[in-house]
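Based on the provided sequences and hints, a complete structural model is requested.
Numbering (this note's numbering), first residue to last: 44 to 330.
Since the hints were made in silico from the structure, they are not lab data.
Using 25 Å as the maximum straight-line C-alpha spacing, the simulated DSS-like pairs for lysine-lysine come out as follows: (1) LYS195 / LYS323; (2) LYS294 / LYS216; (3) LYS323 / LYS310; (4) LYS323 / LYS294; (5) LYS282 / LYS272; (6) LYS294 / LYS310; (7) LYS216 / LYS282; (8) LYS323 / LYS282; (9) LYS282 / LYS294; (10) LYS207 / LYS195; (11) LYS207 / LYS217; (12) LYS282 / LYS310; (13) LYS294 / LYS283.
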Amino acid sequence: MYWKPKAFYQDLFYLHNRAWDLQRRKRSTELTLLASRFIQILFLTSERRGVLSQSREKKSRLWMHSINGSVSFHSRLDSGILFSGENSKKLSRNYMDYLCFRTLCCKGPPPPRPEYDVVCIGLTGSGKTSLLSRLCSEATDNIVPTTGFSIKAVPFQNAILNVKELGGADSIKKYWSRYYQGSQGVVFVLDSASSEEDLEVARTELHSALQHPQLCTLPFLILANHQDKPAARSVQEIKKYFELEPLARGKSWILEGSTVDNMTAVKESFAQLIHLLEEKDQETGRI
44 MYWKPKAFYQ DLFYLHNRAW DLQRRKRSTE LTLLASRFIQ ILFLTSERRG
94 VLSQSREKKS RLWMHSINGS VSFHSRLDSG ILFSGENSKK LSRNYMDYLC
144 FRTLCCKGPP PPRPEYDVVC IGLTGSGKTS LLSRLCSEAT DNIVPTTGFS
194 IKAVPFQNAI LNVKELGGAD SIKKYWSRYY QGSQGVVFVL DSASSEEDLE
244 VARTELHSAL QHPQLCTLPF LILANHQDKP AARSVQEIKK YFELEPLARG
294 KSWILEGSTV DNMTAVKESF AQLIHLLEEK DQETGRI
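In structure tokens form, the structure reads like this:
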């Protein structure tokens, strides 16, 4: 029978990740106990042929035992023979799965993801906090405008963005430049469905950011947010109105539409920003 690996992977990876965490923290005593528990759970053999070994770890879903030279894994989902001594030259599908899992489980931890410091700016109501909260899988039911600034570590598959979000109120905007130092990238969020007056203010602030000495050489991600609203301008309309082509010529920038109802597209936009950050990081390393 072909075993289903879901429960198998869950328990093994828990033990594996726990072991690396203890090793990282140099908790040698706990690491030894964990290794002993790992062996007890996975490599028990039965004294009575054909009877599944009973583990003292009642909560564990995994056991391993030998029957006539065969090796089998058992979980609450399923069980199956991975390798048989009577047919050792033939690698079954289960055994190949076992080898694949062993390769994954026994390798060292993945290399640490690079981290980049990014500043996020935009007027009040543009949707900065909602987008960042959704990216961090946080609730957005009771979002309130940011006063001052907040910092979120936003995880992605190949990087972590430490995003410093600055409040967009008039009383806070004049202090934005105090928080630019150390930034490696910029996220500018604008409300594409705002009034002409607010859109003009956003245009002025974006132009100021693009020309600021501490930001002008950094990659920019510009999000035309609230694309789901009826009054929203298209990305092309925003691009033309904000005069991005002539103003940002020679700079690294991305303009994309966004909405909290389509986080897949938002993540793809941030993935493009990460790519620009990586390229700039490599260029800096070559200098």
